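Student: Those protein sequence lines, which keep their order, are chains A and B. Position one of the first sequence corresponds to residue 1 (the working numbering), numbered consecutively onward. Position one of the second sequence corresponds to residue 1 (the working numbering), numbered consecutively onward.
Every clue listed holds true.
Covered stretches of chain A, going by a simulated chain B footprint (3 or more residues, C-beta under 8 Å):
(1) 45-58
(2) 119-133
(3) 137-145
Derived by calculation from the structure, the hints in this document are not laboratory data. Every value quoted in this text rests on a predicted model; they were computed, and no experiment measured them. Virtual Cβ for every residue (Gly too), placed ideally from N, Cα, C.
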Amino acid sequence: MGVELVAVTSEVLNLEALTAEISRGASGDGAITAFTGLVRDHNQGRRVTFLDYEAYEPLAVRALNRIIEEAGTMWADTRLGVHHRIGRLEIGEASIIIVAASPHRGHAFAACRYAIERVKQIVPIWKHEHFEGGEVWLEGATADPEDEHAKQAAYKIACA
Amino acid sequence: MRVTVRLFARLRDLAGAGELTRDVSAPATVQTVWDSLVSEMPSLAEYERTMSVAVNAEYSRMAASVNEGDEVAFLPPVSGG
Numbered sequence: 001m002g003v004e005l006v007a008v009t010s011e012v013l014n015l016e017a018l019t020a021e022i023s024r025g026a027s028g029d030g031a032i033t034a035f036t037g038l039v040r041d042h043n044q045g046r047r048v049t050f051l052d053y054e055a056y057e058p059l060a061v062r063a064l065n066r067i068i069e070e071a072g073t074m075w076a077d078t079r080l081g082v083h084h085r086i087g088r089l090e091i092g093e094a095s096i097i098i099v100a101a102s103p104h105r106g107h108a109f110a111a112c113r114y115a116i117e118r119v120k121q122i123v124p125i126w127k128h129e130h131f132e133g134g135e136v137w138l139e140g141a142t143a144d145p146e147d148e149h150a151k152q153a154a155y156k157i158a159c160a
Numbered sequence: 001m002r003v004t005v006r007l008f009a010r011l012r013d014l015a016g017a018g019e020l021t022r023d024v025s026a027p028a029t030v031q032t033v034w035d036s037l038v039s040e041m042p043s044l045a046e047y048e049r050t051m052s053v054a055v056n057a058e059y060s061r062m063a064a065s066v067n068e069g070d071e072v073a074f075l076p077p078v079s080g081g
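Looking at chain A on its own, in the form it has when it is part of the complex (with noise of 0.2 Å):
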């Protein structure tokens, strides 16, 4: 039973399902990070109640991919995988997992951390946020992925 290293899915993530499949048949590796995003209960002053996350699917598979090919091209001898969900998300439930898997603590979390950074700039998927009072599609950043300006931001917060 193979478990994708990208997914865009409304079914509940599992972290260590990822975990196991980065982790598989590799021998080489001194660490493994992960990054869990979690829907939390308040934003920008308003009682957050849930949150609904819309995706345009396969490009985001594709931005996805994109990512983790860059930070192969960074950290070499570093692998990614990344799921993220998607529909209606309740308080407190995961939104994305991101696992890192390398020979060296350094280069996973950086990897882990400049994923996270990158899913926030260039991959097409969108927040509705609703809250006590009201509800509101929330808006970011402008996804542009041939932005060197935005993947030079996000590699230099991962290298922190």
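We have chain A already, so just place chain B on it with the hints.
Tutor: Chain B alone, transformed into the frame defined by chain A:
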């Protein structure tokens, strides 16, 4: 020629539909398709400065040419993670 238009998030809400078909005359670009949409739905216009576009589920540009049967997507600033 006929193209499929995909709209997401608040753009979809403003248009009242996530998928539309549009007839535009060839030769056409993504800009042609967008202008045709905005002429019918002026409330979309504010997104021209901040949105991204895709053709057949690949990021593209407003000046890119569009062919019969293409899927043209307009994407508000993203907020995943």
